[in-house]
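Chains as they are written, first to last, in our numbering: chain A, 41 to 296; chain B, 41 to 296; chain C, 19 to 302; chain D, 19 to 302.
Please note that the accuracy of each hint is not assured.
To be verified - The following residues of chain B were derived to be distant from chain C, with all beta-carbon distances above 10 Å:
id	residue
1	Ala179
2	Thr265
3	Ala273
To be verified - Just the calculated beta-carbon pair ranges, DEER-fashion:
id	chain 1	residue 1	chain 2	residue 2	range
4	A	Thr243	D	Glu211	28 to 34 Å
5	C	Glu157	B	Leu284	32 to 38 Å
6	C	Asp57	A	Ser180	40 to 46 Å
7	D	Gly140	A	Gln69	39 to 45 Å
8	A	Glu126	D	Gln103	41 to 47 Å
9	D	Gly97	A	Met247	33 to 39 Å
10	C	Glu157	D	Gly156	22 to 28 Å
11	B	Arg182	D	Gly140	57 to 63 Å
12	A	Arg189	D	Gly263	58 to 64 Å
13	B	Asp232	C	Pro125	39 to 45 Å
14	B	Glu101	C	Leu214	25 to 31 Å
15	B	Ala179	C	Leu155	56 to 62 Å
16	A	Tyr54	D	Glu211	56 to 62 Å
17	C	Pro125	B	Pro108	48 to 54 Å
The hints are simulated quantities; they were obtained by calculation from the structure and are not laboratory data. Ideal Cβ placement from N, Cα and C applies to all residues, glycine included.
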Amino acid sequence: MLQIKAQLIQRKTYGVSQELRLFAPKLAQRLTAGQPVLVRTGWGLDSYLRRSFHPVTIDAESWTLRLPPSGDRGHAWLRMVPEGSELDCLGPIGVGYTLTDGARHVLCLGEGEMAWALLPAVTQAAERRLSVTLAVGAASARYTIPANRLPLAVEYRVVTTDGSRGRKGHLAALLPELLPWADAILAAGSIDFYHQLAESVQTQRGMLVQGFVQALYQTSFLCGTGACLSCVADIAGGRRRVCLRGPVFDLVDLLH
Amino acid sequence: MLQIKAQLIQRKTYGVSQELRLFAPKLAQRLTAGQPVLVRTGWGLDSYLRRSFHPVTIDAESWTLRLPPSGDRGHAWLRMVPEGSELDCLGPIGVGYTLTDGARHVLCLGEGEMAWALLPAVTQAAERRLSVTLAVGAASARYTIPANRLPLAVEYRVVTTDGSRGRKGHLAALLPELLPWADAILAAGSIDFYHQLAESVQTQRGMLVQGFVQALYQTSFLCGTGACLSCVADIAGGRRRVCLRGPVFDLVDLLH
Amino acid sequence: MPIELAPHNKRGLTLDSPLIAGSGAVGYGENWAPGLTWDLFGAVVTAPLSVRPRKGLTPPRLAEIPAGFLFSTGDHNPGFRRVLQRQAPLWRRVQTPVILTLVGGEPGDRAWMAMRLEEIEGWVDGIELPVPEDANLGEASAFISAVRHVTTLPILVKLPATRAAHLARACVVAGADALVVGAPPPALYPTEEGKLLEAPLAGPAAFPFTLRALRRVAALDLGVTLVASGGVHTLDDVALCLDEGADAVQIRSLIWTDPAAAKRLALDVQAFVESPWAAQPDEA
Amino acid sequence: MPIELAPHNKRGLTLDSPLIAGSGAVGYGENWAPGLTWDLFGAVVTAPLSVRPRKGLTPPRLAEIPAGFLFSTGDHNPGFRRVLQRQAPLWRRVQTPVILTLVGGEPGDRAWMAMRLEEIEGWVDGIELPVPEDANLGEASAFISAVRHVTTLPILVKLPATRAAHLARACVVAGADALVVGAPPPALYPTEEGKLLEAPLAGPAAFPFTLRALRRVAALDLGVTLVASGGVHTLDDVALCLDEGADAVQIRSLIWTDPAAAKRLALDVQAFVESPWAAQPDEA
Ligand SMILES: Cc1cc2nc3c(=O)[nH]c(=O)nc-3n(C[C@H](O)[C@H](O)[C@H](O)COP(=O)(O)OP(=O)(O)OC[C@H]3O[C@@H](n4cnc5c(N)ncnc54)[C@H](O)[C@@H]3O)c2cc1C
Ligand SMILES: Cc1cc2nc3c(=O)[nH]c(=O)nc-3n(C[C@H](O)[C@H](O)[C@H](O)COP(=O)(O)OP(=O)(O)OC[C@H]3O[C@@H](n4cnc5c(N)ncnc54)[C@H](O)[C@@H]3O)c2cc1C
Ligand SMILES: Cc1cc2nc3c(=O)[nH]c(=O)nc-3n(C[C@H](O)[C@H](O)[C@H](O)COP(=O)(O)O)c2cc1C
Ligand SMILES: Cc1cc2nc3c(=O)[nH]c(=O)nc-3n(C[C@H](O)[C@H](O)[C@H](O)COP(=O)(O)O)c2cc1C
Ligand code: FES
Ligand code: FES
Chain A
41 MLQIKAQLIQ
51 RKTYGVSQEL
61 RLFAPKLAQR
71 LTAGQPVLVR
81 TGWGLDSYLR
91 RSFHPVTIDA
101 ESWTLRLPPS
111 GDRGHAWLRM
121 VPEGSELDCL
131 GPIGVGYTLT
141 DGARHVLCLG
151 EGEMAWALLP
161 AVTQAAERRL
171 SVTLAVGAAS
181 ARYTIPANRL
191 PLAVEYRVVT
201 TDGSRGRKGH
211 LAALLPELLP
221 WADAILAAGS
231 IDFYHQLAES
241 VQTQRGMLVQ
251 GFVQALYQTS
261 FLCGTGACLS
271 CVADIAGGRR
281 RVCLRGPVFD
291 LVDLLH
Chain B
41 MLQIKAQLIQ
51 RKTYGVSQEL
61 RLFAPKLAQR
71 LTAGQPVLVR
81 TGWGLDSYLR
91 RSFHPVTIDA
101 ESWTLRLPPS
111 GDRGHAWLRM
121 VPEGSELDCL
131 GPIGVGYTLT
141 DGARHVLCLG
151 EGEMAWALLP
161 AVTQAAERRL
171 SVTLAVGAAS
181 ARYTIPANRL
191 PLAVEYRVVT
201 TDGSRGRKGH
211 LAALLPELLP
221 WADAILAAGS
231 IDFYHQLAES
241 VQTQRGMLVQ
251 GFVQALYQTS
261 FLCGTGACLS
271 CVADIAGGRR
281 RVCLRGPVFD
291 LVDLLH
Chain C
19 MPIELAPHNK
29 RGLTLDSPLI
39 AGSGAVGYGE
49 NWAPGLTWDL
59 FGAVVTAPLS
69 VRPRKGLTPP
79 RLAEIPAGFL
89 FSTGDHNPGF
99 RRVLQRQAPL
109 WRRVQTPVIL
119 TLVGGEPGDR
129 AWMAMRLEEI
139 EGWVDGIELP
149 VPEDANLGEA
159 SAFISAVRHV
169 TTLPILVKLP
179 ATRAAHLARA
189 CVVAGADALV
199 VGAPPPALYP
209 TEEGKLLEAP
219 LAGPAAFPFT
229 LRALRRVAAL
239 DLGVTLVASG
249 GVHTLDDVAL
259 CLDEGADAVQ
269 IRSLIWTDPA
279 AAKRLALDVQ
289 AFVESPWAAQ
299 PDEA
Chain D
19 MPIELAPHNK
29 RGLTLDSPLI
39 AGSGAVGYGE
49 NWAPGLTWDL
59 FGAVVTAPLS
69 VRPRKGLTPP
79 RLAEIPAGFL
89 FSTGDHNPGF
99 RRVLQRQAPL
109 WRRVQTPVIL
119 TLVGGEPGDR
129 AWMAMRLEEI
139 EGWVDGIELP
149 VPEDANLGEA
159 SAFISAVRHV
169 TTLPILVKLP
179 ATRAAHLARA
189 CVVAGADALV
199 VGAPPPALYP
209 TEEGKLLEAP
219 LAGPAAFPFT
229 LRALRRVAAL
239 DLGVTLVASG
249 GVHTLDDVAL
259 CLDEGADAVQ
269 IRSLIWTDPA
279 AAKRLALDVQ
289 AFVESPWAAQ
299 PDEA
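So that you can see chain A by itself, here it is in the shape it has in the complex (with noise of 0.2 Å):
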């Protein structure tokens, strides 16, 4: 972990969304896909609390966060943050994604906001030529990622609770049709899907074995070291601080 100022080198919007690229060397290397990073959103005392971001690109020198919509005061401090500003990060924080030796065929599986968190690994993979499926659920079109900011290679796929994009449904109803296939899963959302995803690869494949899904758990982070115990959340068989042996589990500790 590292603490560090980034310089916020640009800042693009779509619609109500932004995202922030940060130039920061050494914070870029160290971090992988699904890692947080701890932010400042406030040149003063308030918001006191750093907000954590999963990264939706990472490259030699840089990382980007994405904000989402929302009425979070710290988000807004970083909506109106002048580019050039230095941003104080401190990161990555615990566990991220990891693209094991063996896996050919990645499966992504994201719901809603949380799928971006699965960008920079489905990048990372397409690179190293494995076959890569993404497949998002979300509320509607509009909370979808679009299809150009994924590498050409992957294959996209879309499910929508309202039908403006894709299948109408819900994520898991795809599961039937891409568990076959995939040799290694990162999921990116609620533990209630996490849940059907458990019970999908059972009844496919007749058991849930440690290594073939990863899944990132979403909370806040306060000091990020284990000292503060703010992070807690009943998983993997006790009260496990999350900044420490996650937020990317492999599925069968996260349930267990």
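Using the hints provided, position chains B, C and D with the ligands relative to the given structure of chain A.
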């Protein structure tokens, strides 16, 4: 009094000070020299209290506030807020300087940082082709108003404690030579200086009459409407609300 | 939807909106910030009144703290007679209920003022009695009962937030029609001038104390109405207070620091109580 | 310039710097943020320890408030034996004094843990005993005396800020070597998840309460050393505490939220106590 969003249209940096020009026609049109404007200095809740500023320029559409070198959190925010931002202003507060019709020879006396509050009055008096002398006292040259900030017609006198500019000594030492000439005085300084000034006037002119000296009382304001009683000072024969009676007082009232 | 703050009092105290301009937010009713008017509020509570004039605290009276400020006037006021002479015609004219804050001095001072108010029927609609930070149960009961014996006006008793649950029952027994919860806790911090000021918290920093005190007092279920007070700034804050059992809510600092936001809040609260689902909680 | 926090205790408790990493700032001594090391601090106070493991509060445990947060783990901890087994070798190795926070459960739990510590000479340098928010004088005295009877280690008693002056004398009589002033007052606020959390204040918002409590306890002149705690973030804050009578100062939130600022503060405090005039108070 108005509450208005003023757009920051220009930021000028002078060493460790800054001047921010704010576009706000309605406010500018009502604003007179010496009247504070209360400005919010944060997008969020910190700093919570507005900062008060005496304008250093006023024109038909805009006014300028000066950020002195300071460690204040609110000032720090104003130093960083980007051009184009809207600043929430509440003002004008109370009573400012007035150029009485009879006055021909206007003497402006400013101590240290407070001298800047006289600038719009100095400019206005010069525009009316009155004869104007501005005399300032400061710790050293770097704390004095640069001569190029004044209209050409203004006579400018400087006294510094360390002699780095103008005469060495204290502003009060200039009074014997300046007072006989003046038929109106606008002052901005400490209560100590006001006592010296009153004494000098009495010595030189026999008596300090109502209407001769207008003096700015420096304090901070919370509501500006007379409700909160935070701005009270023991002046003018009682515990007065500076935001209603001042902050520019007749020197006779201020000291009695 | 009118709100009855004193349902067991014959006179009653009916508010058109649950949002009250609290303790001196507009002085004695004459110090209005731009854009604010009587009709935006369900009631107006005045600055404190004592029998004799008080010079209050020597300035500075204000210290900025993170997200708020410490503030006290020390009950600076021109005295009961002067204020009544000057302001009573105004109070009589306006539709909005006016609640007078009465503070102590000699024993019996508050009751004396309440008696005078009883004589001038129709000018004033209620009395707010702040319980001092360090008052014990007996002291609080004593001055509330004394006022109760001489007035038929609704009495709102304002409790210190940190001790509100401890004091609440005794105040109701002594005759309170409503409890105001509460006066934010005192703290100590340097002023701009470098003097250490001890005074109660004000501003958004005070709100989490108000909410805790309110929950604790509401849990006692004392059969009186509750008014939340201290640090309320947003529609979310108001909604939380109403959820936690408040019948009405006072604002003060917001009126001083951001009159436009106070006006928006007043209108939003009116919309919210008509239809909680229609109003949008604040986005900032 | 070393500071003696327990001058009347035979063992003593000597700090090289008045800045202490307070209650769990670095867990049990193993959770250090980047750039922070033992030698920056005069002492380290651990997270709480109880005889048996505790699962603590069900998350969420954190609610952001203006300029701070509400926070409680509910004494979540792995239990005395486990922590001692795992951490004692580390405590033994480091030069910086280690102060263990002991919390109750069954009566006698704290004394039992203190007895165990007495047996392992040289691993631990002091005990901090937090007095619960609602403890009365008798309860506080009782558990402090019980620990005092079984240990020669310096005892720091941590008082709730709002009741610190009320409780202080009894705690000294019961055997405290130093008073920690104090635990910030509890409040109530919604978490990000929308749950109402009741927990003590943390962050800069807490500091004005610390300063008030400190002044009141210092005024009692009880003949023990005082440690300020709660919301301390800047060199100005530290200087104010030392001015108001503190012998040392604890920080916690700052270590979590801004380790680089904590490190700067630690170095500035060291420079400041060498020569208060040389160090520049913060400019932000
Ligand atoms: C203009 C605007 C303003 C907004 N303002 C705010 C605001 O002030 N505060 C605020 O909190 N939010 C606000 N939002 C919404 C918010 O920021 C997110 O955009 C929104 O909640 C979507 O995030 P989500 O992760 O909940 O995903 P969504 O895509 O909305 O889905 C919600 C959840 O439902 C489930 N779900 C729904 N559909 C599917 C599907 N087909 N397959 C699988 N799972 C599904 C998932 O569990 C998912 O996490 C605003 C949005 C807009 C457009
Ligand atoms: C780089 C820098 C950083 C600073 N940082 C801070 C900071 O963090 N916090 C802070 O509070 N200040 C800071 N200051 C100083 C501050 O902001 C003002 O610039 C400074 O105090 C001058 O303001 P003043 O009104 O006191 O006038 P000054 O010109 O300094 O005079 C001080 C007072 O002394 C009297 N006086 C002195 N000389 C004379 C004279 N010849 N005639 C008459 N009266 C005289 C007057 O009463 C006057 O008000 C900083 C200054 C600099 C240059
Ligand atoms: C809110 C308020 C409080 C006052 N308090 C006192 C007081 O405590 N003692 C007193 O002698 N006069 C008091 N006065 C009266 C003033 O001293 C004086 O009459 C005049 O109103 C104050 O002038 P100002 O309105 O410019 O502040 C008060 C006036 C007001 C409006
Ligand atoms: C600070 C801390 C507190 C703990 N509290 C408890 C507890 O209250 N009950 C318990 O059974 N285990 C407790 N444990 C032990 C953990 O459950 C478990 O042994 C492991 O350390 C937790 O995993 P984690 O470090 O990934 O969070 C605690 C561990 C630590 C480090
Ligand atoms: S964020 Fe502090 S322990 Fe995980
Ligand atoms: S600033 Fe509020 S009364 Fe003057």
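Evaluated hints:
{"no.": "1", "hint": "Ala179", "in the structure": "holds, 19 Å"}
{"no.": "2", "hint": "Thr265", "in the structure": "violated, 5 Å"}
{"no.": "3", "hint": "Ala273", "in the structure": "violated, 6 Å"}
{"no.": "4", "hint": "A:Thr243 x D:Glu211: 28 to 34 Å", "in the structure": "holds, 31 Å"}
{"no.": "5", "hint": "C:Glu157 x B:Leu284: 32 to 38 Å", "in the structure": "holds, 36 Å"}
{"no.": "6", "hint": "C:Asp57 x A:Ser180: 40 to 46 Å", "in the structure": "holds, 42 Å"}
{"no.": "7", "hint": "D:Gly140 x A:Gln69: 39 to 45 Å", "in the structure": "holds, 43 Å"}
{"no.": "8", "hint": "A:Glu126 x D:Gln103: 41 to 47 Å", "in the structure": "holds, 44 Å"}
{"no.": "9", "hint": "D:Gly97 x A:Met247: 33 to 39 Å", "in the structure": "holds, 35 Å"}
{"no.": "10", "hint": "C:Glu157 x D:Gly156: 22 to 28 Å", "in the structure": "holds, 24 Å"}
{"no.": "11", "hint": "B:Arg182 x D:Gly140: 57 to 63 Å", "in the structure": "holds, 58 Å"}
{"no.": "12", "hint": "A:Arg189 x D:Gly263: 58 to 64 Å", "in the structure": "holds, 59 Å"}
{"no.": "13", "hint": "B:Asp232 x C:Pro125: 39 to 45 Å", "in the structure": "holds, 44 Å"}
{"no.": "14", "hint": "B:Glu101 x C:Leu214: 25 to 31 Å", "in the structure": "violated, 43 Å"}
{"no.": "15", "hint": "B:Ala179 x C:Leu155: 56 to 62 Å", "in the structure": "holds, 57 Å"}
{"no.": "16", "hint": "A:Tyr54 x D:Glu211: 56 to 62 Å", "in the structure": "violated, 27 Å"}
{"no.": "17", "hint": "C:Pro125 x B:Pro108: 48 to 54 Å", "in the structure": "holds, 51 Å"}
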